[in-house]
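If you read the sequence shown in full-length UniProt numbering, its first letter stands for residue 1, the second for the next number, and so on.
No wet-lab data here; the hints were simulated from the structure. All residues carry an ideal CB built from backbone N, CA and C; glycine is no exception.
Distance windows between CB atoms, simulated:
1) Arg-9 / Lys-87: 17 to 23 Å
2) Ser-82 / Pro-34: 15 to 21 Å
3) Ala-91 / Thr-67: 27 to 33 Å
4) Ala-19 / Ala-88: 30 to 36 Å
5) Pro-50 / Glu-85: 14 to 20 Å
6) Arg-42 / Ala-91: 27 to 33 Å
7) Glu-92 / Ala-19: 30 to 36 Å
8) Ala-91 / Pro-68: 23 to 29 Å
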Amino acid sequence: MARDIYAYRQVAVHSVERAGRVEIHPVPGQAFSPELHVQCSRRLCDDYPPGTCFLLDAKLTDRLGGTPYLYAWHGDDIKVLSASETKAFLAEFKRGRI
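Starting from the given sequences, assemble the full structure and let the hints guide the process.
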């Protein structure tokens, strides 16, 4: 089955260290809560230091009616964002809102 490209949208995420584990969460200032978990490639947690920002194509989903989370396919390219690129992406997002 092919991936539905229209269900995915670009989301800025960052790695956060919590309780001794590195987790991926959306950057504040977007349509998604910063507390929302992101399921993505483990490389984002393993290969980059906490605090690194990334740009992912992700979709909001839940597994069989469970807790919602963002899902990003593990085979997509990893786009690391600098602080200025993250700020520019968030500013563009705010301009694009209705």
